[in-house]
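Visitor: Residue numbers (the numbering used here), protein chains in the order written: chain H, 1 to 244; chain F, 1001 to 1298.
I should point out that these hints are in silico values taken from the structure, not numbers from a laboratory.
Among the clues, some could well be false.
What follows is a list of derived Cβ distance ranges for each label pair [stated by the list, open to error]:
id, chain 1, residue 1, chain 2, residue 2, range
1, F, GLY1037, H, LEU156, 21 to 29 Å
2, H, PRO189, F, GLY1103, 53 to 61 Å
3, F, LYS1209, H, ASP162, 28 to 36 Å
Even for Gly, the Cβ is constructed at its ideal location relative to N, Cα and C.
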Amino acid sequence: MTGFLAVYYRELLILKGKVLKQAASMAVSPFLFLTAFGYAMGRDHLVDGRPYMEFLAPGLVAMASMTQAFGIASEINISRFYWHIFEEFQAAPLANWQYVLGEVLAAVTRALLAVAVMLLLALCFGVTLSYSPLFFAAVILNAALFGSVAVICAMLVKSHADQSLITSFVITPMAFLGGTFFPLDRMPPAVKAVLSFLPLTHAARAIRAAAFEQAPPVFPYAVLGVLLAVFFGVAVVCVNQARN
Amino acid sequence: MIRAAGLVKRFGKTEALKGVSFEVGEGELFAYLGPNGSGKTTTIRILTNLTNPSAGEGFLNGFSVTKNRIAAKMQCGLVTQHINLDNELTVEENLSIHGMLFGMSGPARAKAMDEYLEYVEMADRKKTKVKELSGGLKRRVMIARALMHRPKIVFLDEPTVGLDPTIRRRIWSFIKKAQQDGATILLTTHYIEEAEFLADRVAFLDSGKIVTIETPRALMDSLGGWALDSLDNGAIETSYFPERESAEAAIPAHRGGFTVRRVNLEDAFIALTGKKVAPGPGGAGTGMRGAGGKENRK
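Between the sequences and the hints, there should be enough to build the whole structure, so can you do that?
Guide: Next comes the structure, spelled out in structure tokens:
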């Protein structure tokens, strides 16, 4: 029953070996976004009644937790296609859910590291948010959800190149359109309706509300929770696909 | 005990295994011999749960590999054909992860790790990163890893492929030792001498079907004890004789070069399948080949 710890432990060891490089690379995008968008829009530009930099920071937290959690897919693919480590897990007495749980925990860890880097950067830019348990609950839900999506993708793709396509066509558009950089209220109703189906939209909303100490919106947390359960279940089934 | 019952594996329209059945008794070392693409690795992948069979069933100590996956996997250790260690991690970390996967406690892992690294003569390499090891040492780590949770069944898929003869023989001694410690072993190989030296019984596999299962001795004796290879009109002809004297007596009848030698498993394989069993040009790792036009047998 504790086999998931072995999967998680392995990912931690891999992460430990490159933590400084990883943290540095995690800082690049938020730094550029904060610099380019934050300063470009100016401190006086208000969005939803707040300076844009303040509005942007929680969105970047949502984006960073998503991209870093989803990044576990690349690690799985490298271990599956190049190092064949996945076979070691397949041959071990490890239930599929244990494998998925181990990888999802690793995804959440990576996401939390990225969020820590992001928050430090935000601090450097003079942005302070409220880091309540609800804030981290939303980050963890978002990371676990995209960690599950990452396992699904890693199990279904046939090569590392396919993985890049998913990132280009799904993750990158979501990162920009999921309420990260602008409020969805400004979008045309039809577009807004479409974007409300994106998990990141709900994650950004939940994280932003917690960061601004607003009343916690129940719906985004519920959506994230339900989607996490669904994607985790699908990931468990997909591990069998990789066996074939 | 290992039991394969009518294993079939299809990849699209290709049938890689065509109803393979065999049993390996407790404590037996069973060699699975066949050319590349004959289905050796596919059989092991099914029995170790790396892939599902299209039909048929495998059993490890009575546990179905498709219906009692976890129990079946608890029975076995696996050394895959390719190196599947984490290069960036140390030997100790690789083994520790394996022990955790098999539910071993911290102290049990540490004890087994020390014991099996000693077993493969690598106790001093515990803290070394895998990427700093040679191919032969990596193979040794894989053997230690496959044995450290004390499985009753061990699958070795071409464990010595690509290694030089000295290291190969060293690995053989570890395999023999594992058998002496009570493990049931299924070994795939295309090194004839490996199967001859190690196996209690040998299965010849060709194009997804088992051609025969016998002891190496019985297979070789079926042809006679001695072989005469002679070059005749640019082709190698092999003749078999019950005694060395009769083989030598036949030499004058041939022109060109000749060799009198003991019959080996390759001869038996050729006799049964019409295909050659030998490392190809360039030495180790090239393995069994389909028959060329040069082999003629009497």
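Visitor: Each hint needs a verdict: does it hold in this structure or not?
Guide: Now for the hints, and whether the structure bears them out:
With their beta carbons about 27 Å apart, GLY1037(F) and LEU156(H) fall inside the hinted range of 21 to 29 Å. For PRO189(H) paired with GLY1103(F), a C-beta distance near 55 Å keeps the hint of 53 to 61 Å intact. Take LYS1209(F) and ASP162(H): their Cβ atoms lie about 35 Å apart, and the range 28 to 36 Å holds.
Violation of the numbered hints given earlier is absent; every hint is satisfied by the structure.
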